[in-house]
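Enquirer: Here is how the chains run, residue by residue.
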Amino acid sequence: MREPAPYLRLPGIRSRSLLKTTPIVGIAALCSLLVGCGQGTSTVARSDKPVSGGTLVYATDREPTCLDPHVAGDMPQVFVGQQYLDSLVSMDAEGRIGPWLAKRWEVSADGLTYTFHLRNDVHFTDGTPFNAAAVKANLDHMANPKTQSSTAGGYIRQYRSTDVIDDDTAVVHLATPYAAFLEVLAQGFLGIESPTALQRPRDTNCESPVGSGPFKIVRWDRQSQVELVRNPDYNWAPPTAKHQGPAWLDRIVWKFIQEPSVRFASLQAGEVDVIEALPPESHEAARRNPDLQLIIAQRPGNPTNGTLNVTRAPFDDIKVREAFVRSADIDGALKSVYFNEFPRAGGPLSPATRFYSPDFQHAQDYDPAKAAQLLDQAGWSERDSDGYRSKNGKRLQVHVVMGNRTPPSEYTLWEQVQATTRQAGFELIIDQMSDVQATKRQADWDYDIRLGYWNTNTADVLRIIFGSEFIRPAGVGGYHQNTAGFSDAAFDSLIQQALATQDAEQRRALYFKAQQIASSQYLQLTTYPQSTRLGIYKTTQGVRLEPSLAVTYLYDAWVNK
Amino acid sequence: MTSASLSSERPNPRRERLQQLGRRALWRLAGGILVLWAVATLTFFALRLMPGDPVLAILGGPSGNPTAETIAEATREYGLDKPLPVQYALYLGRLVQGDLGVSYSQHQPVTRVLAEQSWPTLELTFTSLALAWVLVLALTVLTAGRRRWVGTLASLAETLSAALPHFWLGILLLAVFAFGLRLFPPAGSDGWRTLVLPSFALAIPLAGFIAQVTRESLDLTLDQPFVLTARTRGLSDFKVRFKHALRHAVLPGISLSGWAIGALISGAVVIEVIFSRKGLGRQLFQAVQAQDLPLTIGISLVVAAGYVLANILVDLLYLWVDPRQQGNAS
Amino acid sequence: MSELTLDTPLPAIRVQRTANKVRLGPVLAVTFLFLLIIAAIAPQLFAHSDPLGIVPRDAFHPPSWEHWFGTDQSGRDIFSRVIYGTRQSLFIGLAATAIAMSIAIVLGLLGGLGGVRIDRGVGWLLEVLFAFPSLILALLFVAIFGSGIGPLIVATGLGGAPGYARMVRGQVLAVRNAGYIESAKALGHPPLRIITRQLLPNAMRPLIVTLTMGVGQAIVWASALSFLGLGARPPAPEWGTMLSMGRDFIANAWWLTFFPGLFIVLTTLSTTVAGRYLQQRLEGRLS
Numbered sequence: 001m002r003e004p005a006p007y008l009r010l011p012g013i014r015s016r017s018l019l020k021t022t023p024i025v026g027i028a029a030l031c032s033l034l035v036g037c038g039q040g041t042s043t044v045a046r047s048d049k050p051v052s053g054g055t056l057v058y059a060t061d062r063e064p065t066c067l068d069p070h071v072a073g074d075m076p077q078v079f080v081g082q083q084y085l086d087s088l089v090s091m092d093a094e095g096r097i098g099p100w101l102a103k104r105w106e107v108s109a110d111g112l113t114y115t116f117h118l119r120n121d122v123h124f125t126d127g128t129p130f131n132a133a134a135v136k137a138n139l140d141h142m143a144n145p146k147t148q149s150s151t152a153g154g155y156i157r158q159y160r161s162t163d164v165i166d167d168d169t170a171v172v173h174l175a176t177p178y179a180a181f182l183e184v185l186a187q188g189f190l191g192i193e194s195p196t197a198l199q200r201p202r203d204t205n206c207e208s209p210v211g212s213g214p215f216k217i218v219r220w221d222r223q224s225q226v227e228l229v230r231n232p233d234y235n236w237a238p239p240t241a242k243h244q245g246p247a248w249l250d251r252i253v254w255k256f257i258q259e260p261s262v263r264f265a266s267l268q269a270g271e272v273d274v275i276e277a278l279p280p281e282s283h284e285a286a287r288r289n290p291d292l293q294l295i296i297a298q299r300p301g302n303p304t305n306g307t308l309n310v311t312r313a314p315f316d317d318i319k320v321r322e323a324f325v326r327s328a329d330i331d332g333a334l335k336s337v338y339f340n341e342f343p344r345a346g347g348p349l350s351p352a353t354r355f356y357s358p359d360f361q362h363a364q365d366y367d368p369a370k371a372a373q374l375l376d377q378a379g380w381s382e383r384d385s386d387g388y389r390s391k392n393g394k395r396l397q398v399h400v401v402m403g404n405r406t407p408p409s410e411y412t413l414w415e416q417v418q419a420t421t422r423q424a425g426f427e428l429i430i431d432q433m434s435d436v437q438a439t440k441r442q443a444d445w446d447y448d449i450r451l452g453y454w455n456t457n458t459a460d461v462l463r464i465i466f467g468s469e470f471i472r473p474a475g476v477g478g479y480h481q482n483t484a485g486f487s488d489a490a491f492d493s494l495i496q497q498a499l500a501t502q503d504a505e506q507r508r509a510l511y512f513k514a515q516q517i518a519s520s521q522y523l524q525l526t527t528y529p530q531s532t533r534l535g536i537y538k539t540t541q542g543v544r545l546e547p548s549l550a551v552t553y554l555y556d557a558w559v560n561k
Numbered sequence: 001m002t003s004a005s006l007s008s009e010r011p012n013p014r015r016e017r018l019q020q021l022g023r024r025a026l027w028r029l030a031g032g033i034l035v036l037w038a039v040a041t042l043t044f045f046a047l048r049l050m051p052g053d054p055v056l057a058i059l060g061g062p063s064g065n066p067t068a069e070t071i072a073e074a075t076r077e078y079g080l081d082k083p084l085p086v087q088y089a090l091y092l093g094r095l096v097q098g099d100l101g102v103s104y105s106q107h108q109p110v111t112r113v114l115a116e117q118s119w120p121t122l123e124l125t126f127t128s129l130a131l132a133w134v135l136v137l138a139l140t141v142l143t144a145g146r147r148r149w150v151g152t153l154a155s156l157a158e159t160l161s162a163a164l165p166h167f168w169l170g171i172l173l174l175a176v177f178a179f180g181l182r183l184f185p186p187a188g189s190d191g192w193r194t195l196v197l198p199s200f201a202l203a204i205p206l207a208g209f210i211a212q213v214t215r216e217s218l219d220l221t222l223d224q225p226f227v228l229t230a231r232t233r234g235l236s237d238f239k240v241r242f243k244h245a246l247r248h249a250v251l252p253g254i255s256l257s258g259w260a261i262g263a264l265i266s267g268a269v270v271i272e273v274i275f276s277r278k279g280l281g282r283q284l285f286q287a288v289q290a291q292d293l294p295l296t297i298g299i300s301l302v303v304a305a306g307y308v309l310a311n312i313l314v315d316l317l318y319l320w321v322d323p324r325q326q327g328n329a330s
Numbered sequence: 001m002s003e004l005t006l007d008t009p010l011p012a013i014r015v016q017r018t019a020n021k022v023r024l025g026p027v028l029a030v031t032f033l034f035l036l037i038i039a040a041i042a043p044q045l046f047a048h049s050d051p052l053g054i055v056p057r058d059a060f061h062p063p064s065w066e067h068w069f070g071t072d073q074s075g076r077d078i079f080s081r082v083i084y085g086t087r088q089s090l091f092i093g094l095a096a097t098a099i100a101m102s103i104a105i106v107l108g109l110l111g112g113l114g115g116v117r118i119d120r121g122v123g124w125l126l127e128v129l130f131a132f133p134s135l136i137l138a139l140l141f142v143a144i145f146g147s148g149i150g151p152l153i154v155a156t157g158l159g160g161a162p163g164y165a166r167m168v169r170g171q172v173l174a175v176r177n178a179g180y181i182e183s184a185k186a187l188g189h190p191p192l193r194i195i196t197r198q199l200l201p202n203a204m205r206p207l208i209v210t211l212t213m214g215v216g217q218a219i220v221w222a223s224a225l226s227f228l229g230l231g232a233r234p235p236a237p238e239w240g241t242m243l244s245m246g247r248d249f250i251a252n253a254w255w256l257t258f259f260p261g262l263f264i265v266l267t268t269l270s271t272t273v274a275g276r277y278l279q280q281r282l283e284g285r286l287s
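Listed in order, the protein sequences are those of chains A, B and C.
Using our numbering, the first residue of the first sequence is number 1, and each one after it goes up by one.
Using our numbering, the first residue of the second sequence is number 1, and each one after it goes up by one.
Using our numbering, the first residue of the third sequence is number 1, and each one after it goes up by one.
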């Protein structure tokens with residue numbers, strides 16, 4: 001048998017076969033590098049004069065479940081809704097209500113009847129004219145249980161009916177006085193849709209709702225993006241807008257990019273023009289980058305918080321509540337977890353809310369000495385073997401119930417609360433579970449702390465989260481908005497009086513007292529106000545946040561690519 | 001696998017073989033349908049066992065404040081007020097007709113969700129598999145049976161690749177090539193450029209795994225008498241490797257490919273999340289989190305069906321490729 | 001001259017070429033595994049900081065002499081967390097593989113010994129389990145039974161069981177007609193004794209390598225589940241969980257994800273190399 005001589009010939013053959021393959025591989029690599037290199041940095045001339053035309057690419061973190069904001073009602077929905085819907089009234093930065101689709105209105109003395117005088121030159125993008133019948137159709141749609149409207153429907157519980165007097169006059173009847181009615185009507189959640197479109201099945205309308213706004217929806221590519229194009233007939237922008245007439249942009253591509261680092265990287269590379277929910281860890285990098293601009297605005301309403309369940313031990317004792325709040329070092333947590341980008345919220349209302357009072361900003365400051373004192377006074381003076389406080393052999397235990405989709409940074413913040421309150425002797429147990437299970441625990445009142453926030457442009461939010469009528473479950477599901485279980489007759493009467501009057505000064509005084517009660521009762525551990533944070537690439541200008549909910553408003557925006 | 005003794009029956013060995021393949025395919029398909037039934041049943045009861053009221057999942061979660069009428073309406077609409085066995089029977093009935101129901105979280109027919117989300121996952125899976133095989137073939141064929149240090153180095157590379165968790169590799173690739181060097185987009189599902197990094201993240205560990213098996217097999221094959229015979233006949237080394245040895249050597253790799261597709265689909269769940277890609281993997285993960293029963297069952301069925309089919313094909317391919325089954329000399 | 005075709009399975013002969021493996025490899029692998037086991041039993045020997053101790057002011061420090069692997073978003077020392085995580089990960093890997101193997105042995109014996117009908121039934125059951133890619137099976141399992149170490153172990157075990165079951169069944173089929181089994185039967189030994197003394201050991205021997213590598217794979221699977229948020233919940237220092245929590249900060253602080261992942265890789269690598277070495281020793285190839 002021959003020696004394995006072929007093996008000796010291998011080097012020659014090997015190099016020959018390799019030579020055949022190397023060029024192909026090499027060119028491919030070079031090509032991809034070139035393509036990669038060719039992208040990204042293009043010099044763009046900035047101009048202050050709006051440019052008509054172009055496509056704006058917008059990236060947000062959450063995808064709405066339905067494009068019609070009447071259905072359910074979550075923040076992603078109102079963000080999209082703001083671009084293709086108009087509202088009956090508008091709200092300016094000072095909180096004053098101005099005209100929009102309704103030119104002017106009268107409120108009856110008893111506060112139960114609102115007469116709206118509507119514009120007559122408005123039509124929806126499917127051709128249907130806007131008139132009083134459209135207003136009636138929309139309000140009825142929100143109030144209809146079949147729509148399954150959690151937010152919009154929840155805001156107009158007092159709504160009874162609308163009378164169509166003529167094409168330009170609609171009379172709305174409420175069951176009880178509701179001074180916040182005009183405020184909620186300014187929100188994108190209650191935007192006006194085409195009545196023709198509303199007659200379609202709910203799920204069809206979720207896909208392709210029709211409004212009268214500066215843009216119209218073309219396509220919803222699930223898990224990927226929503227495409228909007230300009231409405232060429234638009235001529236009824238609110239007085240808070242920067243121009244009138246059609247929008248500057250031809251097209252908006254509204255993308256969903258869940259991962260914060262990926263979203264920011266896309267912005268830096270110029271692949272998207274605007275991103276929402278700019279991650280706190282990237283704020284510094286964004287500021288240092290000359291190609292980027294930041295727009296940050298706080299949202300009105302009830303700030304992000306952990307609401308304490310006052311109906312059961314240990315939080316049925318106000319001293320323990322205050323001790324808990326005072327033993328949590330929220331400022332330290334915000335510095336590390338949120339890179340000091342989020343300010344502390346001390347009171348029950350966010351500073352951007354109308355009638356917010358700054359007097360309660362420091363009611364929750366970190367004071368471990370005071371906490372220790374309060375706990376001793378409350379009888380929790382013993383310590384058990386692990387160092388936690390106890391009373392009559394029972395440990396001072398607090399359960400925080402969290403859903404699965406709580407963002408990791410929020411979780412980390414509560415981990416830090418866990419560590420700092422531990423020093424005061426609290427055993428904080430974080431129970432994380434699926435959203436559905438969390439809702440069940442909520443319905444059963446089986447929690448000590450529940451995380452929450454409420455974005456709305458009215459101080460009436462205090463009624464929803466602390467009013468005794470909201471302790472009762474809203475429906476069979478058992479979810480109750482008053483998570484704290486707080487029930488106080490004086491508080492309720494203050495809130496009702498605030499709803500009964502249209503006078504701003506009176507309302508301010510009443511809401512001040514309401515905030516005082518809520519703050520002094522230590523019903524929540526408020527952490528930071530909700531905010532909208534946009535990162536904008538150099539190609540784009542004119543992006544604004546509308547005042548009612550600090551929602552992105554692209555009507556005045558233009559791109560220069 | 002089956003042993004085909006074709007040397008005993010001379011007339012029409014090819015037709016025999018095709019018939020045999022056909023019968024096997026039919027038998028496997030029947031089994032496949034049974035499997036799908038079991039999958040649907042398992043998933044249905046699994047998700048029904050989950051604690052919590054699905055109505056609230058449908059109504060968009062805890063931030064809403066649904067009224068009693070709203071909840072009653074939703075319960076009626078989704079048939080959740082009927083007893084469990086009835087729901088199951090109704091569900092199976094609709095399933096047989098091809099109606100997979102309406103997704104709780106997306107409010108659109110499950111079949112539509114599947115249609116939209118299937119392609120990106122398929123794209124990713126097959127690109128990764130193809131890429132893995134390219135890497136495997138390149139590495140093993142060129143380096144097996146050569147000098148010791150070449151083989152050692154290659155073997156080390158393979159073992160290292162196989163040990164890389166795909167989610168870690170994905171994050172690293174993302175950080176280096178997308179965030180750092182900006183060569184590829186960090187997110188998206190359209191265009192071939194969004195496919196590169198995710199495919200590599202899945203292909204590299206798989207390639208390491210298959211390469212180890214194929215290398216060992218190739219080494220063994222190259223030592224076989226028939227290979228030596230081929231060499232003495234003067235066949236070029238290239239021909240020996242590709243035409244003769246490889247055919248035997250890839251058999252274990254091919255049978256692994258069936259398993260590999262399953263591993264790739266599993267991996268796709270995490271990779272799609274990391275790279276923000278559309279696809280069934282990410283969709284399934286979200287559906288399970290949202291306790292969206294119809295969508296979870298729908299995706300599980302599609303994945304199971306695809307996997308069963310892939311395994312049948314791999315099985316048949318194995319029979320086809322295996323030269324031991326052939327009656328003719330190649 | 002017609003080409004010789006193979007009528008028999010490839011014989012297990014190997015040209016004595018001292019295998020494509022450097023001896024250094026197994027030594028390093030076994031050493032690393034040994035260190036890991038010590039770290040699992042007594043983490044205090046290696047780690048000096050509390051893996052759960054939050055120090056907000058020390059957040060996001062890069063690797064330094066003080067913190068070898070840097071600190072995470074709550075200021076915890078990552079090296080300590082990785083060391084403490086060893087215990088979790090190794091335990092999960094071993095327990096999951098044990099569960100997988102137990103299921104596999106039962107199913108494999110049933111299939112291999114039980115006659116054609118039972119074999120078909122077992123085969124069908126395996127098909128069903130196989131039709132779920134393992135991660136999806138694990139996903140569903142965790143979805144029902146909640147997240148946490150217990151369900152994680154069972155889910156990972158379930159994911160691996162079908163694969164092992166197939167192998168065990170194949171081995172049982174191959175071995176059951178072997179000479180020594182026949183002679184044992186002829187000698188009149190009770191079946192159970194044959195199974196436990198003769199059949200199983202011989203059937204399982206080739207699988208030892210697979211098992212060793214399987215522990216590494218189980219650790220990766222469990223990490224993947226934890227990475228998705230379905231396994232060990234934070235702040236547990238499990239490697240997958242750490243990867244998941246650090247993912248958002250990859251652009252600012254790469255060390256949060258790099259080091260836990262590195263340890264996963266090294267563990268898997270070590271089990272693979274050690275497993276191969278073990279196989280070669282068992283089959284008497286290395287002198």
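No lab work stands behind these hints, which were simulated from the structure alone.
Incorrect hints may appear among the rest.
[Claimed, not checked] Across the chosen pairs, the derived CB separations fall in these ranges:
hint	chain 1	residue 1	chain 2	residue 2	range
1	C	Tyr180	B	Pro85	48 to 56 Å
2	B	Leu153	C	Leu192	42 to 50 Å
3	A	Ile318	C	Ile144	52 to 60 Å
4	B	Leu317	C	Leu94	52 to 60 Å
5	C	Leu94	B	Leu153	30 to 38 Å
6	B	Arg76	C	Phe91	28 to 36 Å
7	A	Pro407	C	Leu192	28 to 36 Å
8	C	Ile118	B	Ala89	27 to 35 Å
9	B	Arg247	C	Tyr180	47 to 55 Å
10	B	Arg247	C	Gly170	21 to 29 Å
11	C	Trp68	B	Thr229	17 to 25 Å
12	B	Pro85	A	Lys391	45 to 53 Å
13	B	Pro85	A	Lys103	37 to 45 Å
14	C	Ile144	A	Asn120	56 to 64 Å
Computed from a predicted model, the values in this text were never measured in an experiment.
We treat Cβ as the ideally placed atom computed from N, Cα and C, and that holds for glycine.
Enquirer: Evaluate each hint against the coordinates.
Expert: Each hint tested on the structure:
Range check, Tyr180(C) to Pro85(B): Cβ separation about 52 Å, and the 48 to 56 Å hint holds. Judged by the Cβ atoms, the range 42 to 50 Å given for Leu153(B) and Leu192(C) holds: they are separated by roughly 49 Å. The hinted window of 52 to 60 Å between Ile318(A) and Ile144(C) is violated, with their beta carbons roughly 41 Å apart. Between Leu317(B) and Leu94(C) the Cβ separation comes to about 36 Å, which falls outside the hinted range of 52 to 60 Å.
Remark: the range hint 30 to 38 Å for Leu94(C) to Leu153(B) is upheld by a beta-carbon distance near 32 Å. Between Arg76(B) and Phe91(C) the beta carbons are some 48 Å apart, a value that contradicts the proposed interval 28 to 36 Å. Restraint check, Pro407(A) to Leu192(C): a C-beta distance of roughly 56 Å breaks the suggested window 28 to 36 Å. For the pair Ile118(C) and Ala89(B), the beta carbons lie near 30 Å from each other, so the given range of 27 to 35 Å is met.
A beta carbon spacing of about 35 Å between Arg247(B) and Tyr180(C) contradicts the range 47 to 55 Å that was offered as a hint. About 22 Å separates the C-beta atoms of Arg247(B) and Gly170(C), a value consistent with the hinted range of 21 to 29 Å. Between Trp68(C) and Thr229(B) the Cβ separation comes to about 58 Å, which falls outside the hinted range of 17 to 25 Å. Between Pro85(B) and Lys391(A) the beta carbon distance is about 50 Å. The supplied range of 45 to 53 Å therefore holds.
Look at Pro85(B) against Lys103(A): about 60 Å separates their beta carbons, and that is not inside 37 to 45 Å. About 58 Å separates the C-beta atoms of Ile144(C) and Asn120(A), a value consistent with the hinted range of 56 to 64 Å.
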